[in-house]
Amino acid sequence: MTAKQTPLYQQHVDAGAKIVDFSGWQMPVHYGSQLDEHHAVRQSAGVFDVSHMNIVDLHGTGSKAFLQHLLANDVDRLKNPGKALYSCMLMDDGGIIDDLIVYFMNESWYRMILNAGRHDKDMKWINSSRHDFQNVRLSERPDLAMLAIQGPQAIERFSSLLSDEAADRVAELAVFQACEIDEVFIARTGYTGEDGLELILPGNDAVDLWQQLMMADVKPAGLGARDTLRLEAGMLLYGLDMDETTSPLVSGLGWTVAWQPESRDFIGRRALQAVKRDSHLQRMVGLLLTGRGVLRSHQQVQFADGSSGEITSGSYSPTLARSIALARVPATVKTGDSCKVDIRGRPVSAIVVKCPFVRYGKPCIETEQK
Amino acid sequence: MSNVPRELKYTKSHEWILAGDDGLVTIGITDYAQVLLGDMVFIELPEIDKKLDAGDECSVIESVKAASDVYAPVAGTVIAVNEKLVDAPELINEDPYGEGWMFRLQIADVSELDGLMDADAYEAIEADD
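Protein chains in written order, with the numbering used here: chain L, 1 to 370; chain B, 1 to 129.
Extracted from the complex, chain B is given alone in its bound form (with noise of 0.2 Å):
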């Protein structure tokens, strides 16, 4: 079974989201989406700044396998990536709730993270698929 921490927020696409201190959200793919796509090859991610609308494709992670699109789970302005992606993309696979994160938006609507998933609703997903 894979790891799908309580604290988080989920999406159907696999992204989870850590909801900080004044609308400020932490973003990276679930253990699930990491074991389902394998060793993480190559990484891009937005770019600081840059506005995003929710369901946005805004960073693509590619496995020795396949290209996967990331979307923007909520509307918001990137303000912080994780570099170190760049050069060390397996810390999506060895880390992907905590090194692994991939980028930090600053959203305008607090209100939006109540349309995400909890962890049981995730859970649920996953089984499904």
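For reference, chain L alone in the conformation it holds in the complex (with noise of 0.2 Å):
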């Protein structure tokens, strides 16, 4: 398999990207320095080029019952068009297939985001998901781009470029909501912890709205620093934090779980209502490493009372000088408990923290140690 190239790719090498494969594609982990780029979307504006994310229309007047089955969270929540749900999509025995957005377009159009590298998995298991449901068509757009525009002065930048009647719109919409203009797909999401924007707009349109908001002041943004700013957001990552062997309840994600009307049968429902009330399922916390090192995926993490659990997801954070980390331990965890971490071979001191760590540019934690 040749590896594949987003639009922009010759942008990113134009602007020094170093260029690595993440699923198959080609894409810029940084254009020179991960903490600087990191550090543009806290303080001012970046883009991060997110075209290889997997974008599937639905059409059709069957498409809301079909989500309603396929998606642990219920699209009838979205009213307007235009509004965004992330949700689960599970398999049977309550495993996550994959973490997704999806839109509401009107009652005969979703638009659902899913991750690059679930793209085959994720096409099998709805397609195979569709048989009883009549009256939905996909259709995957891989003739669109994707990009985040995100930072406290994104939003501004980008409207710098716009009509100022467009610029009107962007700056009524309302968090987790879309509107279309011109063909450009706007919508007020991210996965940063910061204001901002995900535009989808025709493939062939990319580079002249990326060279414009280059001009804009808006700092190119690689993979690396998306997933340091999601960590610190306290956001989640497919196949790390979760997979197809956890379900939402053990991942932080049961608040996406809509188990009204009980009448709605999503695929997975049956498997994580029977655990639903067990008191000993494991949860997802932060963590804050207070001795040297950093924080990885995979290390254990051993608490006072003889109990353990494991970082699914660790770093450093550029925004608190701290490694921090997401973990799943047992549920008698609390906040501020302290822990060892098993840094190779070696026990760092931690501490349990509340996430997010950081939001809109500042720290949410404390990282001085009483």
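Calculated from the structure, these hints are not laboratory results.
Misleading hints may appear alongside valid ones.
Output of the computed footprint for chain B on chain L, the stretches with three or more beta carbons under 8 Å from beta carbons of chain B [as the list claims (entries may be wrong)]:
#1 26 to 33
#2 126 to 135
#3 291 to 299
No residue lacks a Cβ here, since even glycine has one placed at the ideal position from N, Cα and C.
Since each chain comes alone in its own frame, lean on the hints to assemble the complex.
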């Protein structure tokens, strides 16, 4: 299989990007310094090429009923055109096939944004779940590009490229709400913990927009910064923090499961219902390393009572200048508990903290040891 | 292209070695390696007076992305470490062959240096990577 490139590949190379393979796509991991890109998004504005993500449109009057079966969250919550919903797509046993955002466009059109790395699994799953449903047509949209413009100045700088009328419409967008302006789908969503937009537009127009954003002083940011930003924001990453072996209930995603109405028979419901009240279910927490080192996925976490957990994703937090992580731990663990993380055979001290670590440019947790 | 100073020796695991007088050598990681690893955020340096064999894991450098071991290129005793890196690991990114040096060894057998790669051989390795 040859590596795929987004319409912006050459722009990345020209901007000095270090290109890496990401699920079969040649993507920019950074353009010189991941830390600088991270800070640019926290302090001003950055843009990520996320055109590798899988955009799937569902057309037809049966789309809503199908999605109410396919997704653990309920698209009936979406009433206004352009409104977005975050959901997991589950297997029968409650394991997570993927996490996604679904937009309600109109009564016979929904749009899902799924992870690039899960493309084949997702499409196979969606297609095999579909046969009992009439009037649903699926179309993948590889013809579209997707950009995430994020940071406190993101909306202002992007809007400087628009007509006054269009800029007003963007300014009025509520969080998790999208609109369409001249073939550009503009959503007030993101994966950084900052204000910002995600744009979906024809691939042929992507280079032009990218160049205009550069002129408007929006900094290119790579997948590296995207990962540290989402971790600071306490947002989960498929494949690390959740996968087919974990349910939303042990992944900090219980809030995304819509139990009501009870008559809605979504895939995985029965399995989740069976364990829902189990007080021994593990849960996700944040960890702040107080000792020296860097927390990483799969490191073991030991608590004073002898119980243990595991880090699902960890890194260095550029904003806090400390190492942070998400960890799956026993239900008994509480915010403020101390623990030891096994870093290459050495026990290093950490404490359990409440997520997010950082929101809107500001730390949400104390990093000084009492 | 990354910077490969002619006067240094190199290893396959991307350490550079500056041979001084009297069997004293300075070791760090190459420009190529620091670009590959990305922004450095944490360094664990070897202990002073520690005796190392060639190939021993003696230090850990962590970038935002990942942790990597640094190996002793030749056998010797650690006589100095770059303490500045503890608070400023980014020096490895900014100046890998200068301010970003990691540790110094007193080596017993100077002829071991002959087994290391020169700049041309190291560039060939980079090209293959």
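Outcome of the hint check:
A count of 3 residues in the segment 26 to 33 of chain L with a Cβ less than 8 Å from any Cβ of chain B is obtained; the coverage claim is therefore met, three being the minimum. Three residues within the 8 Å Cβ limit are the bar, and the segment 126 to 135 of chain L against chain B gives 0, so the coverage statement is violated. Coverage of the segment 291 to 299 of chain L by chain B holds in this model, with 4 residues showing a Cβ closer than 8 Å to a Cβ of that chain against a need of three.
Comparing the model with each numbered hint stated earlier shows that hint 2 is the single one that does not hold.
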